[in-house]
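Participant: Listed below are the residues making up each chain.
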Amino acid sequence: MAGASTSMRLRLPIACIALEVILIILFGVAVEYDHDVSGEAGHKTNTTHHDYENEFYYRYPSFQDVHVMIFIGFGFLMTFLQRYGFSSVGFNFLIAAFSLQLATLVQGFLHTIMTGGKIHVGVESMINADFCTGSVLISFGAVLGKTSPVQMLTMAVFEVILFSVNEFILLSLLNAKDAGGSMTIHTFGAYFGLMVTRVLYRPNLDKSNKKNSSVYHSDIFAMIGTLYLWMFWPSFNSAITLHGDIQHRTALNTYYSLAACTLSTYAFSALLNHEGKLDMVHIQNAALAGGVALGTAAEMMITPFGSMIVGFLAGAISVLGYRFITPFLESKLKIQDTCGVHNLHGMPGILGAIVGAITSLAATKEHYGNGLTAVFPKITSDFPASAQAGMQAISLVVTLGIALIGGIIVGFILKLPIYGAPSDSQCFEDGVYWEVPGEPEDCQELAAVKSGEESEKLN
Amino acid sequence: MAGASTSMRLRLPIACIALEVILIILFGVAVEYDHDVSGEAGHKTNTTHHDYENEFYYRYPSFQDVHVMIFIGFGFLMTFLQRYGFSSVGFNFLIAAFSLQLATLVQGFLHTIMTGGKIHVGVESMINADFCTGSVLISFGAVLGKTSPVQMLTMAVFEVILFSVNEFILLSLLNAKDAGGSMTIHTFGAYFGLMVTRVLYRPNLDKSNKKNSSVYHSDIFAMIGTLYLWMFWPSFNSAITLHGDIQHRTALNTYYSLAACTLSTYAFSALLNHEGKLDMVHIQNAALAGGVALGTAAEMMITPFGSMIVGFLAGAISVLGYRFITPFLESKLKIQDTCGVHNLHGMPGILGAIVGAITSLAATKEHYGNGLTAVFPKITSDFPASAQAGMQAISLVVTLGIALIGGIIVGFILKLPIYGAPSDSQCFEDGVYWEVPGEPEDCQELAAVKSGEESEKLN
Amino acid sequence: MAGASTSMRLRLPIACIALEVILIILFGVAVEYDHDVSGEAGHKTNTTHHDYENEFYYRYPSFQDVHVMIFIGFGFLMTFLQRYGFSSVGFNFLIAAFSLQLATLVQGFLHTIMTGGKIHVGVESMINADFCTGSVLISFGAVLGKTSPVQMLTMAVFEVILFSVNEFILLSLLNAKDAGGSMTIHTFGAYFGLMVTRVLYRPNLDKSNKKNSSVYHSDIFAMIGTLYLWMFWPSFNSAITLHGDIQHRTALNTYYSLAACTLSTYAFSALLNHEGKLDMVHIQNAALAGGVALGTAAEMMITPFGSMIVGFLAGAISVLGYRFITPFLESKLKIQDTCGVHNLHGMPGILGAIVGAITSLAATKEHYGNGLTAVFPKITSDFPASAQAGMQAISLVVTLGIALIGGIIVGFILKLPIYGAPSDSQCFEDGVYWEVPGEPEDCQELAAVKSGEESEKLN
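Chains as they are written, first to last, in full-length UniProt numbering: chain A, 1 to 459; chain B, 1 to 459; chain C, 1 to 459.
Do not take every clue at face value.
Chain copies aren't distinguished; within one or between two, either way the pair holds.
When the alpha-carbon atoms are kept at most 20 Å apart in a straight line, the in silico SDA-like pairs for lysine to any residue are as follows [said to hold, decoys possible]:
{"no.": "1", "residue 1": "211", "residue 2": "272"}
{"no.": "2", "residue 1": "211", "residue 2": "436"}
{"no.": "3", "residue 1": "378", "residue 2": "198"}
{"no.": "4", "residue 1": "334", "residue 2": "6"}
{"no.": "5", "residue 1": "211", "residue 2": "435"}
{"no.": "6", "residue 1": "332", "residue 2": "320"}
{"no.": "7", "residue 1": "365", "residue 2": "386"}
Source of the hints: derived by calculation from the structure; they are not laboratory data.
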């Protein structure tokens, strides 16, 4: 699968520079500031617009929380591998910085496809672009350690486009609700990535390489990622909802779901181990499933009670997935899922979609009062809650369809021997693509003494 | 003290699942959204309520800062131990996720005890629950390394209840001011934890175990915790104050107190070392005492000048505590205070309570103008500033009483041989409760070569 | 250059305590709360002032992001050195906590020099003080590993004063725009620090010490610093701009500049390595140059298109600087720039100043509408855009002049043999100023076995 050479000397500069130049040209042609970025809102058209009504103050703190999740959260979550920390954090950084630019264009283009006009950018587009980037990074988690950076950039190009198309179908055509992206981000990213890694299957990965595991310190680095994702997930789910009580409620529901999820994660992690010992992989990942599983329903009147039930189930499903389903996927279906994204994003994403559809059934005046239209703008006497629930269910099917088919096609594109992919024995190893420094001096001294001894013996 | 088995195979799942199920049921029965979470405020009753007046926008950024302090701040501060990083971060995570749920219920119940009705949740309840959680984590710092996770969950159940009762007495019955929790959070958490660790005294801890210390990298991990606590303490103290100038002032005062505290910490750390070398334990902990010591007075007109004096003193006291009082507590009073919470939270908390009482004496129209009622709603011509100061002083006594007595009782409850507590030789060791991965490959190779040699020698 | 003794036993306590006492006295004499901190705005003078109009809500989230950049960002960015992590994070902490207090006084004094009256403090002064601190920490990066903490505190005293004078000349006298500090913070801090390290030149540094390099884990710690700087740079550049659309636009432009910069950094890092391997030094530093280079122009109508071009160039220049200019500076000009601040802050800062001057040329009604006065308050028919651009250019010259001359003078002050500076062989070594714990137990065991063996051999 890999070409003879893994050198990035020309491949990576060409890819990065070509992509960035294209992005810059397209931004020059097609993008302009949104009204309350350019100042038109405040200065030209509407003299009663106050500064504090600028979208910036409603959304920028949430944006920054999401931004931390994308770069620190995803980046450090993947540093658990013992010799792949540079790549985990570093390629996460590269792919994210690229994806958010492309996503701005593609999402913006689809947004203006009906109305025409230029692509408007502002804090909302920044959040939406980060969301799309999150989906790409989920897929990155599935193929982590087995791909070159150019391969990843190529995957990102296709995935950003497919993500945006799927998102457009769900939110604009089917009128589905999915503020936190149970379907658009998590389900899509996970199943897309799983198909890519399926096509890129490496039969000799296990035999040739023992670096697909953690060491003590790398697991603690990974907990930095976990905790930032966990803490800021309420901001993630609520970042793009309507202002006021809806944003407030979305954050609150997510907070309870995550708390309940954490307890079920610890419970099932201990229960499934023969000695009752906790497994860091579960804690690092499954405790987050509560955020994923509330990605659709968090803005609805699901109540803290409902949120906690969903979170509890999500944690349990996710731990069981790591224990039983991941080995099954690898041995039977030849799906090598490095970070277990199926357990953190795949199954909890589907659960979230189902919970969203069920919760939509209660979308009535009785539960929402005059706020009903704010959450479900399409619901009327002609389009009842059950119809909304149906659209939610159809949205899940559409998402799975596009993710699975898209992932297979993109997988084959990524199989071309042009990307400098690592050989099986080079997987999970930073040294292929990075200048890696030596060990701490004390260890070097030990090693030096040791080799001195050995040469002594030889003499 | 420990039962023969430390297995968490059944204990932890039973505890987590039972507690979570009870929480979920109680949330289902007793909890509902606050007005500006459900949308009632915006949509039903009051058409002039603007989105930007939603409590969410006043408090959510502060809440997220507090949240980071609880999960990253406390969690990483305790990773200084060389082989207890998984437990420090991981059990901190578990206990916090549990405590914030229980705290919501208990604090909410006491809040509605007069008025009746359901418990209302929103961003304010989230902050208050995190505050209570902070107090539990302070106690966790005192017993760190010597307790099982089930023991910790049990402690949390009792401590959350006692914390909430004490907080209710102080804030609702005695009308004390304590926005940043010098008394309710820090003094309470520290002395409660010190009593628990006193009852759980392990006479052979020092002889059998040398892991109660740091290594180079673990001290750098701990600095992540320190710095997040330090940076976000202004948000912590101001998170729950009234809006506007009071919140602004609280953050500002805390910022100056911490800055001055840092300089005195470095000064005294160098001064107390024979070679003038700085001690990481002091930097990691004492530099934070300035935030603790302003927990009561930060919202008052203490001025930057006063804040800096308090911060300077707090840093000095805290370093002196680590140098002289912690060894005394351990050798004479049999109080084994793993993280030195007496120095970071205990003494600075008492200092903060005293500073609060003294600053209250200046609670006059002259200093506060029309803002007096906002800070001290009870002060009138019949209830002068001196009466407020008296209430502050009484509050400190009440807090110490409940913490000391409560800690002793809970300590004895935790002594029961049912929790799977570690033996003395298992303390400060992740391997008891966690699947711990091996060392980095390079070290393994060294070790392998070594053992090869040894077997060679044996032959 | 170093005195015989490096002991901080008396030096550091005397310096810290003396400085803090002076600060406290000056704060007591000269500082008072700003209007919306004391509550005068809300309660006394203006009954229509709403809480949500308090400056706190516009700026505090940005302030906290800046605060994280100062303490975690700068602090961890410098932990890349293998045995200097305590000092990097710890002295960064000390110097920052000191500098922000002094900066409040000096900036505040210059601010009131025309109008008289006391120095007002609030969230704006907090941000401005953190900005000045950032400049000091840039200089700290140039001399990192080669100076004592007392030397650093001394440098900070002078640099804070010179920074504030330069800032006052630029912003108040020359009416230059520089919201994100391309000139005031980055150019000033870099060239000041480079001159200091030039005067403190150590000819034998390379021969005697091999610790001026990273190890695997220290590079991952450094990435924490990098990513926080990268993520929060939009907050940095926009923290102190006018409210509303300007703040919104500044954050947005910076976001795009950084994204483009990241791709060019990866491209040039791979291109300049013979095997096409990425260099962590480039990723950690050059990817941030896009934020520096937009420090002046980000609030202007530079558009995302323009921002991305600037970011792309900045990344390229910075990587080229690390590869070619830093070795040249060291070998030919005797400037030992530990962190390469010339590449991250120096050249990109100058680029940012030039971009700002050029962008100012388009400061017309046509581009800005009624918002023109908000961004460029001085521009009128008598003072056209070209005059503004001229002032921007003059500002760069003034900044370079003060930084270079000031740096040389302060360098000679720091050469006095009274600070306990380390000898050449003690550079980049925590053990000189810190109690450093041993290695992890496993390594100790290895070492113990080893030394046992050796003594066996001796027998």
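Participant: Where does the structure disagree with the numbered hints, that is, which hint numbers, in rising order?
Facilitator: Failing hints, ascending: 1, 3 and 4.
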